[in-house]
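Chemist: Given next are the chains, with one letter for each unit.
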Amino acid sequence: MSITADDIAKIAKLARIRVDSDEVPELSQRLANILKMADKLQTVNTDGVVPMANPLDAVQRLRADVVTEPAGAAALQARAAFLAIAPSSEQGLYLVPKVIE
Amino acid sequence: MSWETVIGLEVHMQLATKTKIFSGSSTEFGQEPNTQANAIDLAMPGTLPVLNEEALRYAIMFGLAIDAEINPLSAFERKNYFYPDLPKGYQTTQLAEPIVGPGKIEIELADGSSKTIRIHHAHLEEDAGKSLHEDFADQSGIDLNRAGTPLLEIVTEPDMRSPEEAVVFAKKLHSIVTSVGVTDGEMSQGSMRFDVNVSVRKKGEEKLGTRTETKNLNSFRFIEEAIKQEVNRQIDVIEDGGKIIQETRLYDGDTKTARAMRSKEEANDYRYFPCPDLLPVVVDKETIEQIRATLPELPNAKKQRFIDTYALSSYDAGVLTAERALADYYEGVAKFSGEPKLAANWVMGEVVSFLNKSNLSITTFANERMRAKDLAAIIERITDNTISGKQAKDLFLAYLEEQDDIDVIIEKRGLKQVSDTGAIEKIVADIVDANPEQVEQYRAADEGKRKKLLGFFVGQIMKASKGQANPGVVNEILLKKLES
Chain A
20 MSITADDIAK IAKLARIRVD SDEVPELSQR LANILKMADK LQTVNTDGVV PMANPLDAVQ
80 RLRADVVTEP AGAAALQARA AFLAIAPSSE QGLYLVPKVI E
Chain B
523 MSWETVIGLE VHMQLATKTK IFSGSSTEFG QEPNTQANAI DLAMPGTLPV LNEEALRYAI
583 MFGLAIDAEI NPLSAFERKN YFYPDLPKGY QTTQLAEPIV GPGKIEIELA DGSSKTIRIH
643 HAHLEEDAGK SLHEDFADQS GIDLNRAGTP LLEIVTEPDM RSPEEAVVFA KKLHSIVTSV
703 GVTDGEMSQG SMRFDVNVSV RKKGEEKLGT RTETKNLNSF RFIEEAIKQE VNRQIDVIED
763 GGKIIQETRL YDGDTKTARA MRSKEEANDY RYFPCPDLLP VVVDKETIEQ IRATLPELPN
823 AKKQRFIDTY ALSSYDAGVL TAERALADYY EGVAKFSGEP KLAANWVMGE VVSFLNKSNL
883 SITTFANERM RAKDLAAIIE RITDNTISGK QAKDLFLAYL EEQDDIDVII EKRGLKQVSD
943 TGAIEKIVAD IVDANPEQVE QYRAADEGKR KKLLGFFVGQ IMKASKGQAN PGVVNEILLK
1003 KLES
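Chains A and B, in that order, are what the protein sequence lines are.
Per the numbering used here, the very first residue in the first sequence carries number 20; after that it's consecutive.
Per the numbering used here, the very first residue in the second sequence carries number 523; after that it's consecutive.
None of these hints come from the bench; they were simulated from the model.
Watch out, some of these pointers could steer you wrong.
[Unchecked claim] As a list, the in silico DSS-like pairs of lysine-lysine whose alpha-carbon atoms are at most 30 Å apart:
| hint | chain 1 | residue 1 | chain 2 | residue 2 |
| --- | --- | --- | --- | --- |
| 1 | B | Lys973 | B | Lys985 |
| 2 | A | Lys29 | A | Lys55 |
| 3 | A | Lys117 | B | Lys737 |
| 4 | B | Lys601 | A | Lys59 |
| 5 | A | Lys117 | B | Lys601 |
| 6 | B | Lys737 | A | Lys32 |
| 7 | B | Lys737 | A | Lys29 |
| 8 | A | Lys29 | B | Lys988 |
| 9 | B | Lys1002 | B | Lys912 |
| 10 | B | Lys765 | A | Lys29 |
| 11 | B | Lys879 | B | Lys973 |
Next up, chain A with everything else stripped away, as it sits in the complex (with noise of 0.2 Å):
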């Protein structure tokens, strides 16, 4: 199966990640050979094997409903740390360019 330009630039875009067309080549190739190897397993026989949602043979363990972090003037302290590594914060939120709907 082929990638084509226009598949990686979609790709692309939902991944928010830029690519510069003269990269779209080799990643057009590199995204071929992947999906050769999702061919060659879509060829093995999957009858009655029931769909594995992850590898590790155990099932979830639960968390008992209970605050764990503290309120107050604690919160705030760890509010102040969070701000400070974000590019820019005010009113104790994060700031971000404008989204518009």
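We have chain A; now place chain B onto it with these hints.
Modeler: Here is chain B on its own, set in the frame of chain A:
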């Protein structure tokens, strides 16, 4: 041309857990921004989600309440998209293997008939944060307190045929989930948000029309208005020779207008895949049965019990069981007073109208303003003839003001009914003597007209007694006097 409307709902319901679905951050509403978003909620590298057992339990309770299959093995997947209020770049949700399989909810329509609305499935997922667009020039503020709040998304089949049906269903769903206690159901705080899928087709046609989705409606009124408007819009478009485009729409409850959101064709490519951070969730039969045993009485069963135990009409029982807190309050009043019918009249009449006027919840009312015991005491004073029904209404309001002992208020406000026949006989005689003309008219009148004249006399007598005469005694004496 006759058109048929087809409606399906997707409901995002916030579960009543104390903490988030995958972290130990509090879910309490209305806190300082970003004080309830820990490293997991913020998607810091190296953090891992662990499922909240209470969120899972609530999802199962809901499934059992709607007669659904509980999936013994469910799994989480990643729904990938980029938005600033979604720190991970994906929403952890369920797709192929949701926790709750197909179920059904019975609704009662206005004409008295009932109808089954099928539930396609319900799945667990996390909520996103909140974007605030108003306060910053060219920037948006992000509050992630809500990020990771556990949601159960409930998806119906397209089984509703009118805006009214959709609202009846939404109210029934609200009644079930608040009765079971899996959500607080506070619509104004976003605890239940409805997306409506609407399409129209010519009557008799089987193929569904192209549908649109109007998102995030948070009141029953908005659901009705948004659907009505969208149905009219679609019919207009088609009758003008146009085509409906599948799109997501937003409804503004303030301006009562809807608009199409930016095309999401590309963004709809969510590239789901199983979440490698979470293992399959296994629920065994024993756990399900343990949870089933904790299910409280459901609204339908409670309604039937109210009809059987308290001899209420189907309508009254329906009103009283729509909300669990109201049903509990009613039962308290009925038991304390021993007068289930009177209790129903009072709760549905004075209490509900007071709640509407004062914008109070029944829970606050019952805890802070008038306990079931207090209302029962008022009712007892009617049945033991201390006060009349009319005086009881005054006493009801007086109690809300003073919260004093009921008998003290009765004494203080002179609300005691006069049942002493001697005193009433004197008043009746005075009034009859003062109105010889009406007495003549009464004696000459037929049955229907007599009733009206009787009303005139009773009115005069009650006025003369300052509303304190026992109406039953007045009637008896008056009739005797007029017919002698």
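Chemist: Are B/Lys765 and A/Lys29 close enough, with their CA atoms no more than 30 Å apart?
Modeler: 27 Å, holds
Chemist: Measure nothing beyond the straight line between the CA atoms of B/Lys879 and B/Lys973; if it is 30 Å or shorter, mark the hint as holding.
Modeler: Answer violated: B/Lys879 to B/Lys973 is near 34 Å, above 30 Å.
Chemist: Between A/Lys117 and B/Lys601, does the CA-CA distance stay at or below 30 Å?
Modeler: Holds. A/Lys117 to B/Lys601 sits at ~23 Å (cutoff 30 Å).
Chemist: Need the status of pair B/Lys1002, B/Lys912: alpha-carbon distance at most 30 Å?
Modeler: Holds, at about 24 Å.
Chemist: Given the proposed pairing of B/Lys973 with B/Lys985, does the C-alpha separation stay at or below 30 Å?
Modeler: 18 Å, holds
Chemist: Given the hint that B/Lys737 pairs with A/Lys29, does the C-alpha gap stay at or below 30 Å?
Modeler: Given pair B/Lys737, A/Lys29 holds - Cα atoms ~26 Å apart, limit 30 Å.
Chemist: Does B/Lys601 pair with A/Lys59 here, judged by a C-alpha cut-off of 30 Å?
Modeler: Holds: B/Lys601 and A/Lys59 sit about 26 Å apart, inside 30 Å.
Chemist: Between A/Lys29 and B/Lys988, is the straight-line Cα distance small enough, at 30 Å or below?
Modeler: 84 Å, violated
Chemist: Given the hint that B/Lys737 pairs with A/Lys32, does the C-alpha gap stay at or below 30 Å?
Modeler: 25 Å, holds
Chemist: Given the hinted pair A/Lys117 and B/Lys737, is their Cα-Cα distance within 30 Å?
Modeler: Holds: A/Lys117 and B/Lys737 sit about 21 Å apart, inside 30 Å.
Chemist: Would the hint linking A/Lys29 and A/Lys55 be met if the CA-CA limit is 30 Å?
Modeler: 20 Å, holds
Checked against the numbered hints above, the structure breaks hints 8, 11 and satisfies the rest.
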